[in-house]
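Enquirer: The whole structure should be built from the sequences, with the hints applied where relevant.
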Amino acid sequence: DGGITQSPKYLFRKEGQNVTLSCEQNLNHDAMYWYRQDPGQGLRLIYYSQIVNDFQKGDIAEGYSVSREKKESFPLTVTSAQKNPTAFYLCASSIGGNRAETQYFGPGTRLLVL
Amino acid sequence: AQSVTQLDSQVPVFEEAPVELRCNYSSSVSVYLFWYVQYPNQGLQLLLKYLSGSTLVKGINGFEAEFNKSQTSFHLRKPSVHISDTAEYFCAVDVRVGGTSYGKLTFGQGTILTVHP
Numbered sequence: 008d009g010g011i012t013q014s015p016k017y018l019f020r021k022e023g024q025n026v027t028l029s030c031e032q033n034l035n036h037d038a039m040y041w042y043r044q045d046p047g048q049g050l051r052l053i054y055y056s057q058i059v060n061d062f063q064k065g066d067i068a069e070g071y072s073v074s075r076e077k078k079e080s081f082p083l084t085v086t087s088a089q090k091n092p093t094a095f096y097l098c099a100s101s102i103g104g105n106r107a108e109t110q111y112f113g114p115g116t117r118l119l120v121l
Numbered sequence: 154a155q156s157v158t159q160l161d162s163q164v165p166v167f168e169e170a171p172v173e174l175r176c177n178y179s180s181s182v183s184v185y186l187f188w189y190v191q192y193p194n195q196g197l198q199l200l201l202k203y204l205s206g207s208t209l210v211k212g213i214n215g216f217e218a219e220f221n222k223s224q225t226s227f228h229l230r231k232p233s234v235h236i237s238d239t240a241e242y243f244c245a246v247d248v249r250v251g252g253t254s255y256g257k258l259t260f261g262q263g264t265i266l267t268v269h270p
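Here the protein sequences line up with chains A and B, keeping their order. Heads up: the first sequence begins at 8 in the numbering used here, then just goes up one per residue. Heads up: the second sequence begins at 154 in the numbering used here, then just goes up one per residue.
Quick caveat, the hints were computed from the structure, so don't treat them as lab data.
Below, a sample of chain A positions facing chain B; criterion: calculated Cβ distance under 7 Å: (1) G47; (2) G49; (3) T109; (4) F112; (5) G113; (6) P114; (7) G115.
Beta carbons: idealized from backbone N, C-alpha and C, even for Gly.
Expert: In structure tokens, the structure reads:
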């Protein structure tokens, strides 16, 4: 089955620790996105990538980093500089090419701070 | 910059009743418009989208939405809801530049629809 997988489902972070959230897609999509979801605030864009080896900051990139070394993978690292990381993180992908294509979402990772 | 406002944070309705979830947007340029649904602890799924053409858009699960350019609205409607429609619904916009977009979605705050038996 084609789709987007995110792992782990739950992730616990200690103070001062960097953690990495995985996102993999087998849809052959060029574009991938990371969103953060907080209750009552909708989804906010962290980073996005329209093509391999290229990515841009979204609206709330501070304290996060990404890489896009392979078309199918777009991992997100939550660094110790992110002071309020507790949230639900959603990865998405689309065909790309700036054509307002549908974004397909993964099941999400819930990050909690110990 | 564009913004999206969903006017109701929660909408309770009884089963088989009609429902309307309201969405207004602000943008200095043309936009593409989307409605997504999220079931508890899951990702989002596209319900419908407006790109151009007819202002009445039909989506999955019996939902439809109407684009009103003069009122900058894109309200979601369903004539008769079911228990299984209980979920959170998000309106989103993507800025349109010529015939293409930036590929970046701006989401509203979400509306929780609860359908009671």
